[in-house]
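J.: So the chains spell out like this:
Protein chains: 2
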Amino acid sequence: MAARSARFIAFCLAFLALASAAPARELPRPETFTLRNGMQVVVIPDRRAPVVTHMVWYRVGAADEPRGHSGIAHFFEHLMFKGTRTIPPGEFSRQIARNGGDENAFTSWDYTAYHVRIARDRLDLVMRMEADRMRNLRYSDETFLSERDVIVEERRQRTDNNPGAILGERMRAMLWPHHPYGTPIVGWLHEINTLDRASAEAFYETWYAPNNAILVIAGDISAEELRPLAERYYGRLRPTRDLPSRTWVSDPPSIGPMRVTHRDEKVRQPSMTRMYRAISYGTDTGRQAHALDVAIEVLGGSETSRIYRALVEDQRIAVSAGASSNASGLGGGSVSVWATPADGVSLETVEAALDAVIAEYLRDGPTEVELQRAKSSLSAAAIYARDSQESLANIYGASLAQGESIDDVVNWANDISAVTREEALTLARGTLDIDSSVTGWLLPLEAAQ
Amino acid sequence: MAARSARFIAFCLAFLALASAAPARELPRPETFTLRNGMQVVVIPDRRAPVVTHMVWYRVGAADEPRGHSGIAHFFEHLMFKGTRTIPPGEFSRQIARNGGDENAFTSWDYTAYHVRIARDRLDLVMRMEADRMRNLRYSDETFLSERDVIVEERRQRTDNNPGAILGERMRAMLWPHHPYGTPIVGWLHEINTLDRASAEAFYETWYAPNNAILVIAGDISAEELRPLAERYYGRLRPTRDLPSRTWVSDPPSIGPMRVTHRDEKVRQPSMTRMYRAISYGTDTGRQAHALDVAIEVLGGSETSRIYRALVEDQRIAVSAGASSNASGLGGGSVSVWATPADGVSLETVEAALDAVIAEYLRDGPTEVELQRAKSSLSAAAIYARDSQESLANIYGASLAQGESIDDVVNWANDISAVTREEALTLARGTLDIDSSVTGWLLPLEAAQ
Chain A
1 MAARSARFIA FCLAFLALAS AAPARELPRP ETFTLRNGMQ VVVIPDRRAP
51 VVTHMVWYRV GAADEPRGHS GIAHFFEHLM FKGTRTIPPG EFSRQIARNG
101 GDENAFTSWD YTAYHVRIAR DRLDLVMRME ADRMRNLRYS DETFLSERDV
151 IVEERRQRTD NNPGAILGER MRAMLWPHHP YGTPIVGWLH EINTLDRASA
201 EAFYETWYAP NNAILVIAGD ISAEELRPLA ERYYGRLRPT RDLPSRTWVS
251 DPPSIGPMRV THRDEKVRQP SMTRMYRAIS YGTDTGRQAH ALDVAIEVLG
301 GSETSRIYRA LVEDQRIAVS AGASSNASGL GGGSVSVWAT PADGVSLETV
351 EAALDAVIAE YLRDGPTEVE LQRAKSSLSA AAIYARDSQE SLANIYGASL
401 AQGESIDDVV NWANDISAVT REEALTLARG TLDIDSSVTG WLLPLEAAQ
Chain B
450 MAARSARFIA FCLAFLALAS AAPARELPRP ETFTLRNGMQ VVVIPDRRAP
500 VVTHMVWYRV GAADEPRGHS GIAHFFEHLM FKGTRTIPPG EFSRQIARNG
550 GDENAFTSWD YTAYHVRIAR DRLDLVMRME ADRMRNLRYS DETFLSERDV
600 IVEERRQRTD NNPGAILGER MRAMLWPHHP YGTPIVGWLH EINTLDRASA
650 EAFYETWYAP NNAILVIAGD ISAEELRPLA ERYYGRLRPT RDLPSRTWVS
700 DPPSIGPMRV THRDEKVRQP SMTRMYRAIS YGTDTGRQAH ALDVAIEVLG
750 GSETSRIYRA LVEDQRIAVS AGASSNASGL GGGSVSVWAT PADGVSLETV
800 EAALDAVIAE YLRDGPTEVE LQRAKSSLSA AAIYARDSQE SLANIYGASL
850 AQGESIDDVV NWANDISAVT REEALTLARG TLDIDSSVTG WLLPLEAAQ
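Residue numbers (the numbering used here), protein chains in the order written: chain A, 1 to 449; chain B, 450 to 898.
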C-alpha cells in the first residue's frame, strides 16, 4: 500500500506517450476554497462523464509516527474501513460497491489518502460516510487485534517474503539513519506486533481532522456545486486544536559510501541498487528538483538513457539497468541507480561499468539532444495526466500534501522545460556523490560473489 | 566523556597483573540500604586511608533522550556544575578543590555518574552539595547557551576532528539503526546546536531524582556511619512520581553485512574495524556474557591472542590487530575486531587474513590452554580492582545502573572461571556472524585502495 507518488506514476505513463512538443503544457488549474474549520477543498472540473473522484488526503504519514510505533499510519488505512458510530464494520466498502463505485487507500511517509470513484449522483453518500469516519471511527478490541494480524500477514507477503524489499528497506534505514524516512511505511515487524490501541487512537484523534485534510474532487462538478455539500458534511467537523507541526528529525551529514549485501535462497537473479540522498520538491529552492528529475531522466530514465545504452545495449553486461529520481518527499528525496547483470557477469563488473557511466556523465553533463528528449518525455506526463481524472486528483492531492502549491503543479511542465544543461549538471553533480550513497547487492545464498 | 565501562578499564589494567590463579576472586560485598524516597545506597568500606569516593549514579543516559534532542544527557554533565538556588555557578568545583578533593563526571548511553574523591571529614560538604544539585539546579539562559557552545566545541575536538571517531559513530548508527545506541552520546551536531532549555529541564525534572539514583560510597566509612548522613541530605529529596520505565525501541533483525568507508586528509594510517551486535550482561541469561568475554579475549584480547599472533607476529601484515567485547550495555552489547595494516599492505589483505583467523576460531573454538589463559587474565581484573577504591565504586555503580545485581558483581570472576570451552565457542559462533556486522574502513583522502 506504500504508494509511489502520483508524479512517479505519471512519469511511467509518459513513456507510453512520448510527445515531443507540448501544445498545452499546463495542467488545468483547479478551483479551491477552505472551510471554516480549516479543511482545504480542491475541485478539478471534468465534464466528460457523470463520474467523480473523491479523495481525502491527510497530512500525516509514516514519518509522523511516534518512535517505536512504526506502522500506525498504515494501520489506519485498514481501520478506516472498520466502521463508525453509525456505520457497521465493512459497511463503507459494501455501500461503495453496491452503488457501483470503487475505493482505495494508500499511505506514504508524507500522507494517507482515501479514494473513491463513483457516479456523480452518489457523491452525497460518499461525502457523508467519508466525513463520518474522519472523526467518528469506532472499532472493537477484537477488530483492532485481528486487523493487526492482517497487517503482519501483509508485511510478511510483501516485504519479508521478498528479498529485494528487505534489502530496499534496510538501504533506506542506512540512507536515513535518523530521519523517519528510514523507517518502513508498513512498520518494523516487531513493532507492528505490539501496536496498541491507546497510541493508535491518540494518533487518529490528533491527525484525522478537517484542518489536517485536503478534499480533492475531480469530475462532473464545480466548486460552486460542491461547496454546500462540503459544508454540510465536512464543515461541521471539529478541528484538532494545536495541531502539531510536522517537524522531523534530520540526518547528520554523510561521511562516506555505505554498502550492504543481502543473500536469500529466493533470489534467482543477482542485482545491485544504489541510493543517493537528494533534494526534493518539498525541500528545494527554485528549479532544483526539476533539474534533478531531468538530469536523472537523461542518466537512466529510459531505454535511450546513458545507463541503459552502455550496460544493456553496447556492453551487453546487464539485462536491465537504469536510474530514477524520487523527488516528491516533503522531507527530502533520493535517486536510485540499478543493474541486473547478464548471465555469467559479476556484480563487481556491472557496478564498475555503472560507475564509469556516472563518472562520464558528471564530467560532461547531458548533451542538448539528451536534455530536450528528457524534458519532452517528462512533460508528456503532464499532458497524459490531463486525460485522467484520477491522475489529476492524485497529482494535486499528493503535491499539496507534500508541501507544494497549486501554482507549482500547474507550472510543473513549464518549469521542466526551462531547465538548462548547467542546472541539470549541477544537480547531478551535487546528488550523485558516492559519499552520500548506499549500495545494495542482492545475491542468491550460494553465489560465489 | 563517553565513559568506557568500568569493567573495560579493569580489563585493561588486568594485563598489568596477569595472575594465573586467584586466591580470593570474589569482590568485597558492599553493604546496601534504600532510603524511603527510593534512593539506593551502596557502601564499600575501605579503611586504608581517611578518604572516601562518593558517586551518584543516575539511571539515565543518552539512550533515554527524546528523539531529536540528542546530547541532553551529556549536557547535564556540564550543567550540574552551574549552580543551584544556594550554590553559585562554579562554586561546586571550587569547594571541592579548596577542600583537597577532585571530581569528575561521565555519561554513557545507560547512566550518568558524578564522582568526588575527598577526605573523610569533608564528606558532609560533598553530600550536601551533591544532594542539592540533584533537585535544585538553577542556571541562566546565558549559561545554558554558552555551555551549549562549550559542548559543540567539545564535539568538534573529540569527534569531528577525529576521523576514527566519525567512522565509529556512523558504524554504531548502522549497527543499531533503530535502537538508541545508534545515536552518539555527545549528540549529533545539528541537534546539540538546537537543544532548548525547556526540553532540558523536562529531562532533568524527570530523571534527576532520588528514586532514579544510586549512591555509591567507597572508603573510610561503614553503612551504619553513612546512614544518618544519607538520610539527612538525600532522604528528604522529593522522588519523581511515575518515573518512566526505561523502554527503548529495538532493532529489526540483521539482513546481511554492512560496510562503510570514510576518507579524511587527517588519516595517516589506514585501518579497519568491524563491529558485531552482541548480547550483554544486561540482556543475557546464565553465563552467556561471561562466555562471550572469554571467547573474545582468546580471539583478540592480548598479544597472545589468535588475531595478534596471526596478523602481527606470524604474517607480519598488520602493526596492530585485536578484538574486544563490550558486553556491559543495559540494552545490548557489541564485539569489535580491528587491524591496522603494515606499510604497503592493503586493507583487503588484512581483512581477508582477519576473516581467516575468525573462520578457523569458529570452527575449532579455543584450546583448553587458551581458555585458561583468557579466564586468568579476565579474573585478574577483579583482583586488581580490589586494590582501587575508585575501581570498586565504578564497578558497582556501573553494574547496578546497567541492570546487574550485587551478587552478579561479587560472583563475576567465579562465573568467568566456570565458562567452558563449549560455552565460549557457542557464544563466539552466535556473535561473530558477518550478517550482523558493520565493517568500517578508514583511509587517507588519496589512498589507492
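Hints listed in this document are in silico derivations from the structure and should not be mistaken for laboratory results. Treat the hints with care, since some could be wrong.
Stated by the list, open to error - Pulled a few chain B residues facing chain A out of the computed Cβ check, cut under 8 Å:
1) Gly-517
2) Ala-614
3) Leu-616
4) Gly-631
5) Leu-692
6) Arg-695
Said to hold, decoys possible - Ranges of calculated distance between the beta carbons of each label pair, as one might list FRET restraints:
7) A:Thr-285 with B:Arg-812: 38 to 44 Å
8) B:Asn-642 with A:Glu-313: 47 to 53 Å
9) B:Val-599 with A:Arg-268: 23 to 29 Å
10) A:Pro-253 with B:Glu-895: 35 to 41 Å
11) A:Ser-245 with B:Gly-793: 43 to 49 Å
12) A:Arg-309 with B:Asp-882: 21 to 27 Å
13) B:Thr-875 with A:Thr-143: 56 to 62 Å
Computed from a predicted structure; not experimentally measured. For each residue, glycine too, the CB sits at the ideal point set by N, CA and C.
J.: Each hint: holds or not?
T.: Okay, the hints, checked on the actual structure:
no. : hint                                 : result
1   : Gly-517                              : holds (4 Å)
2   : Ala-614                              : violated (11 Å)
3   : Leu-616                              : holds (7 Å)
4   : Gly-631                              : holds (7 Å)
5   : Leu-692                              : violated (18 Å)
6   : Arg-695                              : violated (13 Å)
7   : A:Thr-285 with B:Arg-812: 38 to 44 Å : violated (58 Å)
8   : B:Asn-642 with A:Glu-313: 47 to 53 Å : holds (49 Å)
9   : B:Val-599 with A:Arg-268: 23 to 29 Å : violated (57 Å)
10  : A:Pro-253 with B:Glu-895: 35 to 41 Å : violated (21 Å)
11  : A:Ser-245 with B:Gly-793: 43 to 49 Å : violated (56 Å)
12  : A:Arg-309 with B:Asp-882: 21 to 27 Å : violated (41 Å)
13  : B:Thr-875 with A:Thr-143: 56 to 62 Å : violated (44 Å)
Comparing the model with each earlier hint shows violations of hints 2, 5, 6, 7, 9, 10, 11, 12 and 13; every other hint is respected.
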